[in-house]
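Q: Here is what each chain is made of, one letter per residue.
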Amino acid sequence: MKRGRAIVGFFFEGLCRGCALLVCGLVVVILGFIFSKGAKTISWEFLSTAPSQGMTHGGIFPAIFGTLAITLLMIVMALPLGVAAAVYLNEYANRGRAARVIRAAINNLAGVPSIVFGLFGVGFFILFVGRNLDKVLHTGLLFGQPALLWASATLAILVLPVIIVSTEEALKAVPLSHREAAYGLGATRWQMIRRVVLPQSLPGILTGAILSISRGAGETAPILFTGAAYFLPRLPVTKIFGMIPMINPFDQFMELAYHIFIMATQSTNPELTRPLQYGTAMVLLSITFGLNLSAILLRIRFRRRLRRA
Amino acid sequence: MEQLVQKPLVAQSSNLKEPSPRASRRENHGLRDFHWRQRFREGAIHVFLAVNGYLAIVLIGLIFLFLFKEGFHALQTIKPMQWIGNKTLDFDGREVFSFVWQPLSNTPKYSLLPLLSGSFLVALPATFFSTLIGIGCGVYLAELASQRTREILKPIVELLAGIPTVVIGFLALSVLATLVQNFFHTHFRLNAFVGALGVSLVIIPVIASMTEDALRAVPNELREASYGLGATRWETLSKVILPAGVSGISASILLGMGRALGETMIVLMATGNAALFTGNIFSSVRTMTATIASELGSSAQGSEIYYALFFVGSVLFTITFFINLISEVVVERMRRRLRL
Chain A
1 MKRGRAIVGF
11 FFEGLCRGCA
21 LLVCGLVVVI
31 LGFIFSKGAK
41 TISWEFLSTA
51 PSQGMTHGGI
61 FPAIFGTLAI
71 TLLMIVMALP
81 LGVAAAVYLN
91 EYANRGRAAR
101 VIRAAINNLA
111 GVPSIVFGLF
121 GVGFFILFVG
131 RNLDKVLHTG
141 LLFGQPALLW
151 ASATLAILVL
161 PVIIVSTEEA
171 LKAVPLSHRE
181 AAYGLGATRW
191 QMIRRVVLPQ
201 SLPGILTGAI
211 LSISRGAGET
221 APILFTGAAY
231 FLPRLPVTKI
241 FGMIPMINPF
251 DQFMELAYHI
261 FIMATQSTNP
271 ELTRPLQYGT
281 AMVLLSITFG
291 LNLSAILLRI
301 RFRRRLRRA
Chain L
1 MEQLVQKPLV
11 AQSSNLKEPS
21 PRASRRENHG
31 LRDFHWRQRF
41 REGAIHVFLA
51 VNGYLAIVLI
61 GLIFLFLFKE
71 GFHALQTIKP
81 MQWIGNKTLD
91 FDGREVFSFV
101 WQPLSNTPKY
111 SLLPLLSGSF
121 LVALPATFFS
131 TLIGIGCGVY
141 LAELASQRTR
151 EILKPIVELL
161 AGIPTVVIGF
171 LALSVLATLV
181 QNFFHTHFRL
191 NAFVGALGVS
201 LVIIPVIASM
211 TEDALRAVPN
221 ELREASYGLG
231 ATRWETLSKV
241 ILPAGVSGIS
251 ASILLGMGRA
261 LGETMIVLMA
271 TGNAALFTGN
281 IFSSVRTMTA
291 TIASELGSSA
301 QGSEIYYALF
311 FVGSVLFTIT
321 FFINLISEVV
331 VERMRRRLRL
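From first to last, the protein sequence lines are chains A and L. The numbering used here puts the first residue of the first sequence at 1, with every later residue one more than the last. The numbering used here puts the first residue of the second sequence at 1, with every later residue one more than the last.
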């Protein structure tokens, strides 16, 4: 009887361990496969030149540039909004009915399919906001077309829940006694938040920002119709006053994730350009992998520090 | 701060009745002692932060509004019956009722059934696979692994969640599809099964980490009581902890299914994109998400297809919205039961 129980336990526990090992194995296999295949294509030339000869040769520099530009714009838009929302939720609204409704909305926002964000980007940003801006400002067709700006705004909404949730977690980790000490010294609520809570939760907020950049860099569906281009001979760059180069938010752009997608499915000969696809996948994966890894390490350090405090 | 000192007095006079939390908060953090300029600043900041806080609600509302506004146009030109099926002529010239999504033919056909069946034919098996593996993984992380093992394994599971879906789709398309075809000798190289395997890679981390959270939320007293009665570790786990965490786990499965239905890039690349109304898992299918992704780019704004695609988007959004809502209610119930 006793032995039977032990055997059953041993069996099922082994099964669970097997599942965990399988998941880890999958990660290792996927990463290993992409990196071993992609490493053959990676060269300085691949990273620094544009595609050539009908996208069958050359590099992916415009796509790398586009990915950096779009994630930069995205985080500039999403981080202040997300942090402010989290501060409001955790420090002001905390447990009221308003907070419950907002949290439900955030959870639902996190669950909206990414392609729906794409539809929203087209319907709201390009056709509603953009076209109406053009009408009001008499700019012809400047705002009302797919552009870097709209794509990054769409992505910003997509990553907003990630930022809010991780920022709130970081704010929650600040001990209550620190807040009370600040109040005791006569600080107002905002002074307390700015001088005590925000500095302490900075690593946690940073973790969320990094995770959301990685998420934004890997998303493809929302930018399909809001600004990603199949091939652009130029970078989305403009010069202010004719001299200072700057990202042009009204241009279309190439993007790594989108580049993989079109190379693998829409190009004239997907089999011929497989090495290029593996190379692109490796670059994208190194970016997101690196970001995720640094976020995880940052969080581990942050937690340790809090535990010690 | 003087209110703090007065508090006992207040409590005495009102028969030990606690002041309402709202009132006490206002008193403790009252700004009466501060200069009016500072009070104004505090108020302005409060309003500014509140606006940002309510932004999430506004955004959900906007998504809802703009999706359904465009989708509604489709309802005006396309009759309800046409969303289900159309009368078409078969090869012998007889009139039959068929379920076809063909918006670009001479007589456009907008049956949603092939898209719905495609979506579920990918999402259900994907949810099934990832439930098995995800729960196993979550149980191991929460209950069986040592502290050190967990600290190594958990980041790896998170890394899986961090792999871009387009990379998984690319692997499913280029490698996994060939493996599946060689193994099962399927007729179509790209089919719902390949898509489901790819999609399950995305949902396994979701289910695993939510299962882990649910199990770790189970109070330790329950474990100790069970061990005290002489149960083994597995008996404790299967008869005490899993039942206690069951609502959290089912919420994770629902959420995973919502994700699977909404997944775009993997199914777009790996399921073959043929809008067939079928129940065969080894057949090429096309999901709602893939339909939108592949056809919106080529449809003119304001055309019937354009509105029809927004309608498909509305249907998809409604389905995932309700799945998420149910999962949230379930989690909320668990929280209340475990008094967190």
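What the hints contain is simulated information worked out from the structure, not anything from laboratory work. In this text, a Cβ means the ideal position worked out from N, Cα and C, and glycines have one as well. Among the hints, erroneous ones may be present.
What the hints assert, rightly or not - Quick partial rundown of chain L residues pointing at chain A, CB under 10 Å, derived from the structure:
no., residue
1, His46
2, Lys87
3, Leu171
4, Pro243
5, Ala244
Claimed, not checked - Listed next, the in silico SDA-like pairs over lysine to any residue satisfying Cα-Cα at most 20 Å (straight line):
no., chain 1, residue 1, chain 2, residue 2
6, L, Lys154, A, Ile30
7, L, Lys154, A, Val101
8, A, Lys172, A, Val101
Q: Each hint: holds or not?
A: Hint check:
no.	hint	verdict
1	His46	holds, 6 Å
2	Lys87	violated, 30 Å
3	Leu171	holds, 7 Å
4	Pro243	violated, 15 Å
5	Ala244	violated, 17 Å
6	Lys154/L / Ile30/A	holds, 17 Å
7	Lys154/L / Val101/A	violated, 31 Å
8	Lys172/A / Val101/A	holds, 19 Å
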